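Take the sequences, apply the hints, and build the full model.
Protein sequence lines, in the order shown, are assigned to chains C and E. Heads up: the first sequence runs through residues 287 to 913, numbered per my numbering. Heads up: the second sequence runs through residues 146 to 451, numbered per my numbering.
Be aware that a few hints might be false.
To be verified - Chain E regions said to be covered by chain C (calculated; three or more residues, Cβ under 8 Å): (1) 170-176; (2) 421-429.
Stated by the list, open to error - Here are some chain C residues pointing at chain E (derived, C-beta under 7 Å): (3) Leu608; (4) Ser628; (5) Val658; (6) Ile742; (7) Leu750; (8) Ser751; (9) Thr851; (10) Tyr853.
Since the hints were derived computationally from the structure, they do not count as laboratory data. Treat the numbers as computed from the prediction; the structure is a model and nothing was measured. By construction, the Cβ of each residue, glycine as well, lies at the ideal position given by its N, Cα and C atoms.
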Amino acid sequence: MFQFDTLSLIFVALILLGAIPNIFYSSGYLPHIQRKLHYQLHYFAFIFSMLGVIVSANALVFLFFWELMSLTSWQLILTNVQGKSTIKAARFYFIMTHFGFLFLLLFFLIVSDGELEISFSAMKLIASHFTYPTLLFFFLVLGFLSKAGAVPLHVWLPYAHPEAPSPVSALMSGVMLKVAIYGMFRFLFDVLYPWPLEWGILILSLGALSALVGVLYALSEHDIKALLANHSIENIGIILIGFGMGMIFDTLHLKTLSTFAFIAALFHTFNHMSFKSLLFMSAGAILHQTHTKNMEKYGGLIKTMPVTAFTFLIAAISISALPPSNGFLSEWMIFQSMLSSSHIDNTSLKLAIPFAIFALAMTGGLAIACFVKAYGITFLGLHRSTNAKHAKEVNPLMQSGMIMMTLVVLSLMLFTPFYIQWFDKVFVGLHRASIYAQIFPDGIWNMHSIGISGGIVSPLILLLSLVGITALMLFAYRIFNVKTRVHHTWACGYKTSPKTQYSATGFAGPIRRFFNWLYKPEEHLVKQTIAGHKSKFSSSHYEVHVKPLFEKIFYDNIAKFINYTSYWVYRLAHFEQTRYAAMIFNIMLVVLFSYRVFAHDFSWATFVLEFFVMMISVKILIIGDKK
Amino acid sequence: MILYCITITLLILLAPLLLSYIKVTKMLLLFKRPISLFQGYRNFSKLMHKETIISKEASAITHYAPFLVLSPLLIVLFFLPPVVQGSYYVSFVDAFTITGLISLSTFFLMLLGLDSASAFGGMGSSREAFISALVEPAMVLTIFSVSLMAGNLGVGQAGVNLSEHFPKEHMASFLFSGISFFILLIAENGRIPVDNPETHLELTMVHEAMILDLTGIYLAIIETAASIKFIIFASLFAALFMPFGFEFSIPIAFLIFIFKLFFIATMVALLEVNTAKLRLFKIPNLLGLAIVFAFLSLITFYVLGA
Numbered sequence: 287m288f289q290f291d292t293l294s295l296i297f298v299a300l301i302l303l304g305a306i307p308n309i310f311y312s313s314g315y316l317p318h319i320q321r322k323l324h325y326q327l328h329y330f331a332f333i334f335s336m337l338g339v340i341v342s343a344n345a346l347v348f349l350f351f352w353e354l355m356s357l358t359s360w361q362l363i364l365t366n367v368q369g370k371s372t373i374k375a376a377r378f379y380f381i382m383t384h385f386g387f388l389f390l391l392l393f394f395l396i397v398s399d400g401e402l403e404i405s406f407s408a409m410k411l412i413a414s415h416f417t418y419p420t421l422l423f424f425f426l427v428l429g430f431l432s433k434a435g436a437v438p439l440h441v442w443l444p445y446a447h448p449e450a451p452s453p454v455s456a457l458m459s460g461v462m463l464k465v466a467i468y469g470m471f472r473f474l475f476d477v478l479y480p481w482p483l484e485w486g487i488l489i490l491s492l493g494a495l496s497a498l499v500g501v502l503y504a505l506s507e508h509d510i511k512a513l514l515a516n517h518s519i520e521n522i523g524i525i526l527i528g529f530g531m532g533m534i535f536d537t538l539h540l541k542t543l544s545t546f547a548f549i550a551a552l553f554h555t556f557n558h559m560s561f562k563s564l565l566f567m568s569a570g571a572i573l574h575q576t577h578t579k580n581m582e583k584y585g586g587l588i589k590t591m592p593v594t595a596f597t598f599l600i601a602a603i604s605i606s607a608l609p610p611s612n613g614f615l616s617e618w619m620i621f622q623s624m625l626s627s628s629h630i631d632n633t634s635l636k637l638a639i640p641f642a643i644f645a646l647a648m649t650g651g652l653a654i655a656c657f658v659k660a661y662g663i664t665f666l667g668l669h670r671s672t673n674a675k676h677a678k679e680v681n682p683l684m685q686s687g688m689i690m691m692t693l694v695v696l697s698l699m700l701f702t703p704f705y706i707q708w709f710d711k712v713f714v715g716l717h718r719a720s721i722y723a724q725i726f727p728d729g730i731w732n733m734h735s736i737g738i739s740g741g742i743v744s745p746l747i748l749l750l751s752l753v754g755i756t757a758l759m760l761f762a763y764r765i766f767n768v769k770t771r772v773h774h775t776w777a778c779g780y781k782t783s784p785k786t787q788y789s790a791t792g793f794a795g796p797i798r799r800f801f802n803w804l805y806k807p808e809e810h811l812v813k814q815t816i817a818g819h820k821s822k823f824s825s826s827h828y829e830v831h832v833k834p835l836f837e838k839i840f841y842d843n844i845a846k847f848i849n850y851t852s853y854w855v856y857r858l859a860h861f862e863q864t865r866y867a868a869m870i871f872n873i874m875l876v877v878l879f880s881y882r883v884f885a886h887d888f889s890w891a892t893f894v895l896e897f898f899v900m901m902i903s904v905k906i907l908i909i910g911d912k913k
Numbered sequence: 146m147i148l149y150c151i152t153i154t155l156l157i158l159l160a161p162l163l164l165s166y167i168k169v170t171k172m173l174l175l176f177k178r179p180i181s182l183f184q185g186y187r188n189f190s191k192l193m194h195k196e197t198i199i200s201k202e203a204s205a206i207t208h209y210a211p212f213l214v215l216s217p218l219l220i221v222l223f224f225l226p227p228v229v230q231g232s233y234y235v236s237f238v239d240a241f242t243i244t245g246l247i248s249l250s251t252f253f254l255m256l257l258g259l260d261s262a263s264a265f266g267g268m269g270s271s272r273e274a275f276i277s278a279l280v281e282p283a284m285v286l287t288i289f290s291v292s293l294m295a296g297n298l299g300v301g302q303a304g305v306n307l308s309e310h311f312p313k314e315h316m317a318s319f320l321f322s323g324i325s326f327f328i329l330l331i332a333e334n335g336r337i338p339v340d341n342p343e344t345h346l347e348l349t350m351v352h353e354a355m356i357l358d359l360t361g362i363y364l365a366i367i368e369t370a371a372s373i374k375f376i377i378f379a380s381l382f383a384a385l386f387m388p389f390g391f392e393f394s395i396p397i398a399f400l401i402f403i404f405k406l407f408f409i410a411t412m413v414a415l416l417e418v419n420t421a422k423l424r425l426f427k428i429p430n431l432l433g434l435a436i437v438f439a440f441l442s443l444i445t446f447y448v449l450g451a
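Below, the structure written as structure tokens:
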């Protein structure tokens, strides 16, 4: 019923590392919540169910805990209902997560032949006899990636995460998404093992697309929690890039490179857990103090909330993949595994991988821009609203949660070799050669890439030298005893005021303008002009909103299509019981026929026959004679 | 090890001279009376003695960021390819670490721009964020293709490999990545046509706008960082794209290297005199060109056979 192999244990550690600081933070956050019992109950059930998913050893237990995880998190989003947007977000989340659940259920029903209590290794046998393994793969992708938030199933994240209480968004984004990644690892390795090349390429392209889409929408966002939610999409994309590279290398029989890429993906999974939880906690602290999620209303918080500002800075450096942070190290590993693509024989594939490198590098650049915006507008400059002016540092419990999470981030940075050694054991457990000795051939100082004449990075030396040189310069500065004077910022002779600063909208302006074809923003400009002059005005108000393209094109059209068909069905039935009965009969026929098509061998003759049977039955029973 | 230290000291000492040299060349070409070649050092010593004015609106970031802008760049100096034979060099540090360190420096520079609550600082940071986001992919792809040609991902080793046996069969992709890298050199260092380092007109500033509120020692640090960034790019260009002169005896090799640096500076000056600054929203076209050349270089490398 339960299993505790290395993969499970590593993810148990991930959940515990994510959840323990979060429990401290959550108890500090508790006075802010009205329905305390409801919240506590679901909060602990949520953590418990995630642990359950990780250690379950058969499909029934897995699905039980998976569903429990979805339902508790759904209730947690509904903790503080503030108007319609919360309910809409919760409903969206509910539908998306059950959409995924449906495919997981289908997957398990097929690979377990109806016996949901058999072990995963027994499933492998059944799956290997199944005629359409790619169908199973698609079920897994739809089931897990709708939870993980990869394009095109990412749309719920920027709605659900901001509405949940901050400790819950930290858990959902930092930990729950990783449970879905665990599912990918577990079932791709244990059930569907020999993968065709196309699967890896699909995962790689989904990853590259998610990374770019996530960071681009994050840039256009002013709601700090929605911004972070969009960054989760980006980081899941980066994890999937590593995962996809691992799958590609595995099919091409480059086993050590494949292990390296998988370790990189796993390492980034851990890193994203640490810094994203920390970012959500800090954002929650700000939200707690300023009562707004709008970044345009922040500013100057570094002076009143130094602890929050410091933790946010550490996390921002890490998520922007700047050396020597842990985020840099895992992205470095993913880059290195992509650069090893020059070992691939297949020229067209070799030519395609630079595009993924391009996507990842672009993502890195845009992420830096985005976090300069998030940090600069939130913490630096002058306060942009009275709420920000009166913000104080949060209570010690919440602070301790954030500091503990900072320690997790720092530990991932300082003890990289230890973590890598541990991840390596997962793959040793999966009958692969250990590559720890190849990554760290001479002690813990240098980290090597696996490829022939690959790159090397020395995280600890980088960190030490950065700290050393900066400290040396600061020391020299102290010795110089420079005369300083404090004066207002020069504002061309005008008074320096919060309104003269750059806003978040303005900061992202050039990038938004460059990607106008993607954003298609809705702009609202209201100007109070003076005496009919176009350029002279007493007051003006500018707002810009970006609705994600995927939602606009993909989801809205699906909704339209469903509306249209349901209207058509409704017209056919027009409330006659016999017609309803006939429709149910026809639906049963469709299900039976499609089961036969999928579960047994496909042949065009029977397919055509069944198609005609269906057409005749629909014509006679439902449509009937035209009157 | 002594040669290694000499190289680094030489680079730090040459850095302000090189920027002044560009300025002098430009002024001569425009028939102006040139400034002294040592203006960079003069500015530095003057700023060191000046009183520092700190903005009342600024936070602790202003106190620490200038040091964090300079220190990653100083570390990069230690990772550059060797200049002369027999010199010690750090062979293994790869391009990502170097671009990452440069990004770290830019990150703190952008925060510095936003710290003083001035509209100029925000504008500069916003533009810098835009430009450096587009520079990043081109940089990674270019260095990837060069290191493929050199047969090693470590930048130091790649420089040595290229000068020891130059891959003549990959001349085409070598040329493409050279063009791409030169565009990046201009973009990253804020030269015309991307940014005008001499302007004090707010509408066109990028780098200057971010540091508008700094004086005294902080300004000196940031100016030093800018000159060091230029010399990093120039010496990377010299080592990777002009791989010759390495095999001569030590003093001659040093002279050739310095000559190469001044040659690059002259090229930049000539380009600055002959082009106008691009509008901000035309810059992506230029950087797109760099990205396209980087891709072309990779593709020709793969197609013509590794």
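Chain E contact restraint on C/Tyr853 - CB to CB distance below 7 Å: violated (46 Å)
Minimum beta-carbon distance criterion (7 Å), C/Ser751 to chain E: Because about 5 Å separates C/Ser751 from the closest Cβ in chain E, which is inside the 7 Å limit, the hint holds.
Restraint check, 7 Å cut-off on beta carbons, for C/Thr851 near chain E: Violated. Min distance 43 Å.
Agreement of hint C/Leu608 with chain E interface, Cβ distance less than 7 Å: holds (4 Å)
Assertion that chain C covers the segment 170-176 of chain E - criterion: three or more residues, beta-carbon distance below 8 Å: violated (count 0)
Evaluation of the interface hint that places C/Ile742 against chain E, nearest CB under 7 Å: It holds, given that the least Cβ distance between C/Ile742 and chain E is near 4 Å, below 7 Å.
Claimed coverage, the segment 421-429 of chain E by chain C - three or more beta carbons nearer than 8 Å: holds (count 3)
Hint check, C/Ser628 versus chain E [nearest Cβ-Cβ separation less than 7 Å]: holds (6 Å)
Interface hint for C/Leu750, Cβ within 7 Å of any Cβ on chain E: violated (10 Å)
Closest C-beta approach of C/Val658 to chain E relative to 7 Å, hint status: Since the shortest Cβ distance to chain E is 4 Å, the answer is holds.
Violated hints, in rising order: 1, 7, 9 and 10; the structure is consistent with all others.
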